[in-house]
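This is what each chain is made of:
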Amino acid sequence: MSAVTKVSRRSFLQTTGLAGSALVLGVNSGWSLVAPVPGLGMEANGFEPNVWVSIGEDGVVRLTVHRQELGQGGRTACCMLLAEELEVDLQDVSVVQALGDPKYGNQSTGGSTTVRLNWFPLRQAGAAAREMLVEAAARRWGVPATDCRAESGTVLHGSEKLTYGELAAEAAELPVPEDPPLKDPANFKLIGTPQRLIDTEDFVRGDAVYGYDFDLPDLLIASVERSPVAKGSILGYDADAARAIRDVVDVIELEPNATGLTNAGVAVLATNTWAAMQGRAALNVQWEPGPLATETSDEKRSELERIVSEPGAVAREVGDYAAAAESAERVYEAAYYAPYAVHAMMEPPAATARVEGDRCEVWSATQAPQWTAGEVAGALRIPPGNVAAHVTLVGGAFGRKSKPDYAVEAALLARKAGRPVKVLFTREDEIRHAFYHPESYQLLRATLDAEGNPTGWMHRSAFPAIGWTFPDGGASPSGQERQLGLTTMPYRFPNIRIEVGKVPSSVRIGWMRSVCNMFHARGVQCFMDELAHELGRDPVEFHMAMLGAPRIMRLDGSDDQTAYDEGSAPFPYDTGRLKAVGEAAADMAGWGRTLPEREGLGFAMHYSFYSYVAMVSH
Amino acid sequence: MITLLVNGERRTVDADPAMPLLWVLRDLLRLKGTKYSCGAGLCGSCTVHVDGEPVRSCITTVESVAGRTVTTIEGLAEGGEFHPVQAAWVETNTPQCGYCQPGQILSAVALLERSPNPTDAEIDEAMSGNLCRCGTYLRIREAIHRAAGSGGGAS
Chain V
1051 MSAVTKVSRR SFLQTTGLAG SALVLGVNSG WSLVAPVPGL GMEANGFEPN VWVSIGEDGV
1111 VRLTVHRQEL GQGGRTACCM LLAEELEVDL QDVSVVQALG DPKYGNQSTG GSTTVRLNWF
1171 PLRQAGAAAR EMLVEAAARR WGVPATDCRA ESGTVLHGSE KLTYGELAAE AAELPVPEDP
1231 PLKDPANFKL IGTPQRLIDT EDFVRGDAVY GYDFDLPDLL IASVERSPVA KGSILGYDAD
1291 AARAIRDVVD VIELEPNATG LTNAGVAVLA TNTWAAMQGR AALNVQWEPG PLATETSDEK
1351 RSELERIVSE PGAVAREVGD YAAAAESAER VYEAAYYAPY AVHAMMEPPA ATARVEGDRC
1411 EVWSATQAPQ WTAGEVAGAL RIPPGNVAAH VTLVGGAFGR KSKPDYAVEA ALLARKAGRP
1471 VKVLFTREDE IRHAFYHPES YQLLRATLDA EGNPTGWMHR SAFPAIGWTF PDGGASPSGQ
1531 ERQLGLTTMP YRFPNIRIEV GKVPSSVRIG WMRSVCNMFH ARGVQCFMDE LAHELGRDPV
1591 EFHMAMLGAP RIMRLDGSDD QTAYDEGSAP FPYDTGRLKA VGEAAADMAG WGRTLPEREG
1651 LGFAMHYSFY SYVAMVSH
Chain Y
6 MITLLVNGER RTVDADPAMP LLWVLRDLLR LKGTKYSCGA GLCGSCTVHV DGEPVRSCIT
66 TVESVAGRTV TTIEGLAEGG EFHPVQAAWV ETNTPQCGYC QPGQILSAVA LLERSPNPTD
126 AEIDEAMSGN LCRCGTYLRI REAIHRAAGS GGGAS
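Going down the list, the protein sequences come from chains V and Y.
Numbers 1051 to 1668, taken from the working numbering, label the letters of the first sequence in order.
Numbers 6 to 160, taken from the working numbering, label the letters of the second sequence in order.
The shape of chain V in the complex, shown without the other chains:
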């Protein structure tokens, strides 16, 4: 699954520029994470180190975090995994934020993967270093390593004590243990305990540097008027009016990116944000909106309704739903539509770029520094290795900041301007130029026999698949998208038919939060609730009855199914846990209590990315 390797100090220094590190370990993650980003060669780097541990002779433990902090606590969690096994106190761990680089494996911070996929590798890195430090101390003392123990950055033997800093140089001479023992979870001191985020003091002091805040000498701020319709083109604009605004320095036209990541635009560059915005307002750009301008939300919705009115591709089948429908006493039906949705993170997209010759540095609030590097290199037509993609703190992301469109714009503008440029999206830009969560339509039917027993479940889900995001896209919903709450429907209807429809999209779509779980959970859970009411049953009782005896489910109901494209699932989907979580939530909310007129409780439960969730709303 993963292996820890020792890295020469020289190589480490070349990589990170950190001095004074005596013991340095790298970790390989053998797991592929969510879908590899095309074109970056990320599929084939299994043996390059991707996480770095170093212990200086000053005793400072440095961890290079290759995932991004988006407000989910990922940076802190990575430190906790390491510190737990290494036996150091969390406040003694120093964090270095990694640049985007294929050597780290997939750095894309999404899909709830940061803890899940680093759970073993980071713990093994900490454990390997701990074992080497203990062995170094044991040799120094001439005692068996098994008589020594590590605690709070020291190794102890009776009353004798050596710090990690004192041992680091000797430990670095030892072979890396191949299979270092991991701690028994019963002995965890950090994992499973509430810890303060490592960035908290910076946050409350106002010192935290987000993409919007990043600064360089000689920096220009760019505000970009982009085509109001995807794939539109520029007819004309008034550059002189923009240049007449105080503090405006330049007006630069942006061509659409060949990959479809960016649209045509006109950028106004100024020495301050206000001037850039004022200059942009003066541009008065005229657009040729192109063929997509005639699409309307109503038409898109009608198209979805038409698609779900016909059978789709079968995603899961149990028994014979058609026969159940044929013999049903009645069929209960409901449909749930959701429009395109926008991320609206507090910090709109922001990226800074500096281009010197055929090299570029970018600093962006991003979930995907590797994709950023690849797209920037492509746009500038320079080798990907010539792009250093730095990551700032990120003021909320929710999937939007997986897309490096703003970094590409910054890089193109910095090259043309001959100065560093920071592209700042306004709030309006963020809403208008998003990669939207797809619209969706969920049609559900339940067949009921004469006694009111449910006999069949039919769910037809239609939404533009994430494949439309990519230049070679245009796919039906993928296996992973189907596993996000559609095929994972846990209720034991005797006959089940689940289908997906293929929906074309000319609207730019992207990931958002739990991705397809959002509309699938809504459809399945609202339908279960409506069905309970239709049958005159208590909703929680109905959910639990239909869940039946606890069982392990495969995510699509078939044999040998991998989970979320990650290989064999290490954590099985256990409906018993779902039931326990649902019952706990109902219990905590006082389900069944008497409420005043026109008040009520609503119940829902769902399985998403290995987590079991239940909610009661009042």
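FYI, nobody ran anything at the bench for these hints, they're computed from the structure.
Where a beta carbon is used, it is the ideal one built from N, C-alpha and C, also for glycine.
Worth double-checking, as some hints may not be accurate.
Listed next, the stretches of chain Y that the computed footprint assigns to chain V, with coverage defined by at least 3 CB atoms under 8 Å from CB atoms of chain V [what the hints assert, rightly or not]: (1) 36-42; (2) 51-60; (3) 110-120.
Quick look at which bits of chain V chain Y covers, simulated, 3 or more residues with Cβ under 8 Å [as the list claims (entries may be wrong)]: (4) 1220-1231; (5) 1311-1325; (6) 1383-1396; (7) 1651-1665.
Let chain V serve as the given structure and place chain Y on it in line with the hints.
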């Protein structure tokens, strides 16, 4: 030239008089702790104090605050010691992504100055103009109670 007193220092800026205070602070004075988010006075991320009162700096022109006292997140700590509200924020581990928190903290400081021991309802009312997309509202409420010394749960 416009002069204002920012975090106890006299600062003179050469700016378009219509430039919002937000951009004067961020771009001309390089005080980046005050955040842009909506640009329309709707979300509270850009909250600063002008003469002790919370204002939305994204819709406040620099001209309108000429000669007045401005306090930003950077000016809240005194002598390296956190303001009690900042300390409470740390103790309760309130921030997640952190982006809206400077504005939240300045709104909370203003609340506690006029109501030293607010109820949950007063807190919710006073803080309703500060949005947090991570959803830290319950911890913000707890932090304000903690800063007030009321231990939380007042209602």
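A quick look at each hint next to the structure:
no. : hint      : in the structure
1   : 36-42     : holds (count 7)
2   : 51-60     : violated (count 0)
3   : 110-120   : violated (count 1)
4   : 1220-1231 : violated (count 0)
5   : 1311-1325 : holds (count 5)
6   : 1383-1396 : holds (count 3)
7   : 1651-1665 : violated (count 0)
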